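For the sequence shown, our numbering assigns the number 1 to the initial residue and increments by one for each residue that follows.
Any given hint might turn out to be false.
[Said to hold, decoys possible] Capping the alpha-carbon separation at 25 Å, the derived lysine-lysine pairs in BS3-like fashion look like this: (1) K24 to K51; (2) K31 to K69; (3) K76 to K24; (4) K83 to K31; (5) K103 to K24; (6) K103 to K89; (7) K60 to K76; (8) K9 to K24; (9) K103 to K83; (10) K89 to K24; (11) K60 to K31; (12) K51 to K89.
Keep in mind that the hints were calculated from the coordinates and are not lab data. The model shown is predicted, which means the values in this text are computed figures rather than measured ones.
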Amino acid sequence: MNTFDERKKGFESKYQRDQEVEFKVRANRNKLLAQWAAEILNPENIDEYIKEVRVSDLEKPGDDDIIDKLINDFEKKSVNISKEEIINKIELFESEARSIVSKQS
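Work out the full structure: start from the sequences and follow the hints.
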């Protein structure tokens with residue numbers, strides 16, 4: 001294997017690790033976000049609700065799907081939480097999740 005192939009393999013390995021870290025961060029962030037929402041909404045089955053929120057993020061790229069779900073859920077329960085508040089929580093929990101994942105590595 002020549003130097004170019006070794007560098008290529010190294011970059012591919014780093015990319016794969018970075019993608020795994022980002023997946024873990026996003027999964028942890030969504031769990032924290034779902035737990036926060038569940039505390040406010042008090043659903044019958046908290047674990048099922050957390051799963052629903054986490055799965056909702058898989059519908060389309062970005063955060064719009066999970067934001068839309070939470071806005072709809074809050075509106076159904078007449079809870080007045082704005083989109084901006086949800087986005088702020090996403091940012092807060094992403095930072096927290098990144099810290100959790102970095103400690104696990």
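> Do the alpha carbons of K89 and K24 lie within 25 Å of each other, as the hint requires?
Replying inline: holds (18 Å)
> Between K9 and K24, is the straight-line Cα distance small enough, at 25 Å or below?
Replying inline: Distance of about 23 Å is within 25 Å: holds.
> Are the Cα positions of K24 and K51 separated by 25 Å at most?
Replying inline: Cα-Cα ~15 Å, so holds.
> Is the hinted pair K103 and K24 satisfied, with a Cα-Cα distance of at most 25 Å?
Replying inline: holds (12 Å)
>> Given the hinted pair K51 and K89, is their Cα-Cα distance within 25 Å?
In response: Holds - the C-alpha atoms of K89 and K51 are around 18 Å apart, at most 25 Å.
>> K83 and K31 were given as a pair; does the straight-line alpha-carbon distance stay at or below 25 Å?
In response: Since the Cα atoms of K83 and K31 sit roughly 18 Å apart, the hinted pair holds (cutoff 25 Å).
> Has the given pair, K76 with K24, been kept, meaning a C-alpha gap of at most 25 Å?
Replying inline: violated (30 Å)
>> What's the verdict on K103 and K83, does the C-alpha distance respect the 25 Å limit or exceed it?
In response: Distance ~30 Å between K103 and K83 Cα, so the pair is violated.
> Is the straight-line distance between the alpha-carbon of K31 and that of K69 25 Å or less?
Replying inline: holds (14 Å)
> Keeping to a limit of 25 Å between CA atoms, is the pair of K60 and K31 held or broken?
Replying inline: holds (18 Å)
> Does K103 pair with K89 here, judged by a C-alpha cut-off of 25 Å?
Replying inline: holds (21 Å)
> Do the alpha carbons of K60 and K76 lie within 25 Å of each other, as the hint requires?
Replying inline: Answer holds: K60 to K76 is near 22 Å, not above 25 Å.
When each numbered hint is compared with the structure, violations occur for hints 3 and 9.
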